[in-house]
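Enquirer: Chains as they are written, first to last, in this note's numbering: chain A, 1 to 330; chain B, 1 to 337; chain C, 1 to 310.
No more than 27 Å apart at the CA atoms, straight line, and that leaves these computed lysine-lysine pairs for DSS-like:
1) LYS22/A with LYS83/A
2) LYS232/B with LYS94/A
3) LYS81/A with LYS232/B
4) LYS256/B with LYS83/A
5) LYS232/B with LYS22/A
6) LYS140/A with LYS12/B
Since the hints were derived computationally from the structure, they do not count as laboratory data.
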Amino acid sequence: MAALLEIQNLKTYFQTYQGLVKAVDGISCFIGEREIIGLVGESGCGKSVSMLSIMQLIPSPPGQIVDGKILFDGQDLLQFKAKGEEMSFIRGGKIAMIFQEPMTSLNPVLTIRRQLTESLEVHLDMDSFSARERAIELLKLVGIPDAETRIEDYPHQFSGGMRQRVMIAMALSCSPKIIIADEPTTALDVTTQAQLLELMKEMVIHFNTSLIIVTHNLGIVARYAERIYVMYSGRIIESGRAEDIFEDPRHPYTIGLLNCVPRLGETRKRRKLVPIVGLPPNLINMPPFCAFLPRCAYQIEICKQEPWPPLRSVGDQHEVSCHIDVQERQ
Amino acid sequence: MDETGFWSSCYKKFFQKYKMTTYIIRRLLMGLLIVLIVTIMIFLFMRLLPGDPLEVYINQSDMSNLSPDQLQQLRQKFGLDKPMPIQYIHWISGVFRGDFGRSIYYDIQVRRLIVERLPVTIHLGFLAFILSGLLGISAGVICALKRGTWIDTVVTFLANIGITMPSFWVGIILIYLLALKAGWLPVHGYTSPFEDFWLSTKQVIMPVICLSLFSIASLTRLTRSSMLEVIKQDYIRTAWAKGLRERVIIMRHTIKNALIPVITVMGLQIAFIFGGSVLIETVFNIPGVGRLMTQSVMQQDFQVVQAGALIIAIVVVLINLIVDISYGWLDPRIRYE
Amino acid sequence: MNKGFDLEKKPEIQFQNLDSPKWEEGSPPYSEFRRIISVFFSRPLPVIGLFIIILLILTAIFAPFIAPYDPYKMNILKKLRPPSHEHLLGTDSLGRDTLSRIIYGSRTSVIIGISAIGISSLIGLSLGLLAAFFGGAWYHIIMRFIDALMAFPMLLLALLIASLLGVGMKNVIIALSIGMIAPPCRLMCGVAMSIKENDYILAARTMGMSNFRIMVEQILPNAFPPLLVMITIGLGATILAEAGLSFLGIGIIPPTPAWGSMVNDGYKFLLTNPVLSISPGVAIMLVVFGFNMMGDGLRDALDPRLRGVI
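Let's have the full structure, built from the sequences with the hints guiding it.
Expert: Now the structure itself:
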């Protein structure tokens, strides 16, 4: 299918007190219409930064997008200035984002109504009266009880799960083409997590939107994503359809990740949880060889000399960035 | 349109106003309590004076002329032989009736002195307060928005200097430059604006500048850093992510939040301005409550000192009350605690 | 679309044999103290502030060696001289050398500043700790008392106390100490309230730690960073207040050299000898500037989140 959004070789670096952090070091991916894709990786691997780069919300004194193209609707988004009119038009209207921390992501001194209607007024040119009506509808849609009265409330009067629902409503309000959900449920308890994810899936189908779910939780992507990208240290190391990733993982890191997930009903095999030893590399001081090497069980000589190779295809829509072919090693 | 929705939303808005009203009432009661404690403090303070308590009412030299019997009579007259709480109530009820006692030095009712001088101090203080608020906050916002540019560097540096300048010294320099050397403004004095507006304005310029200088500088610094803090917050990132324009984000989202700590500090500034008026009124020879206090302390005119302190403290509490209430309007979280 | 993955097909791996070429992990050794120092010294203003303060302290200590003349020595013949080679800042109405008086005035300011801040911080901290820790009635009483105290402008309070006690350095210190109780008290109370509910306090109590120990060992250290900043900036404020009091003739009175009273003395001769009034003011400004810049630098280095608060 034709790509709705395509990222080509995106690089985002941060200049810090301790050095240059290569948070995103050349990733390429795409998303099609009405697709749900997952972006998976540990904390600090660069997944949030890459999504913020799409929206050009990178804080600019330390951070900068140094290279790459982001093609959306036939245009390269990185050509536009971060604070310019074109990006303002796209943010919220065409690409919307849901953030991780519902407790701090809403403005405490404005009512929920104000925060919902302002994007409606800006993107859909609605007058305040109809915007208010639409906002109430949206709140009902995301499952907030007593929407007509609660709309005049302030964020601090809502619980975390409720606030995240409001964020989802805000993201959906202008019917964007893509919604990016950056760890939307990490800060919430498990029950709320499940509810919100189901809600997001319903909404995405209802509004015909594409969804990018960024998370470190494999369980979430297993259930909802059609395609998955696995990131490590600022690079995409494996990508493919969900079935392929889960049933036929090719990168040692992906294999290790899947081994970390505890599963029910395994007592007869007494399988121990096998963690991936070691820590992710320091993004300032990247070694000249494969960044995953210190934690990899499948090393061969070439891994110690050269950095990891670009993604190569190992199957239908399945790509891996590794020197060895795991299957052959069996 | 959904009828029930409309009514329940109206009810909601009313309920929020009600919360605001309870908040206002609570603050009012708190203010009254503080004023009460202030009166107790002043009362105890005056009673702590070494020497004969009669000195509060009567000149020392006069006292030496009187016989012990007459002194005792006077003591009874002023209620000094009664226990402390009774004396306190006696004094407070006098204050309620407007009787602040009699000045030893001027030999008139203290009430008259206060009525003559208080409007002057309030006139100057009010102007200084407004000026410092407007200038300080705007400068701070501009510096924060234009962070890193030369405007920011220069204004911030000026603000840093501004908080170091002793107000009376600035007054002296201004008098030297603008009045003595250049002759543009009158050296000192005060006229009511109702009598001669133009002269009054000319006389008032230098004192008000001196009174407000520190506040302007400190509010600039505070607003600037508060704005910079707010800009880094998650909800501002959300506002950007919604595709709002920069101007809207600043005006609607950032400033309201940034003003929250600033408004709190403005309440403190008023106490500072009144403190400054003690100095400035002396430098510029302005007949206000500040200068009255200084003179009365020197002259040991304790009734005046007592009354002046009470009045100033009450005005400060009142203005802080107003500031607190606007704080409640700005920050909805406060109304609910 | 509930996909049932057949996860048994995954290879089972053992993580062994992890040998990789030697590579120096990480960045240069990181220490909080180093970070604080490097942030403090990274911008020019705090460094200038520190320099000024060191200069001030040295001047105060070594005044007798630095000052060219005895600040008390009067010489009527040489009165009201403008700045010259002999007297760099001229002489005052009694023939005393202005420069020497300014140098000796630093002693007054330093002594009063340190004493007043020291006493007020001690009292303020204790009150704040008590109020927050014991809560309930204690909290309300102490907080209302502080509120009432804050209703009096500091200068007014100092006036009142001076009227009660009379003039002189000791009384100025007492007056300023009382006036400066409120900020550290509120600070300590705020810090203590926010920490009080933490579990480690509960754990300490369960272990049988006495209240006093909990307050001093657990809660108090958390207030050190903002307290340090507050003290630095408070020193500047105290010096300004003391100058104001001496100017009014209520604080330090002549012949003791104090910058505020020097401004007052010079006021009468403003037209002919402006240096008399202006130079002590410049000294005040420099010192307060030094304290403020140092305080700003400390605050940015220790905890930039305090920027809106202190």
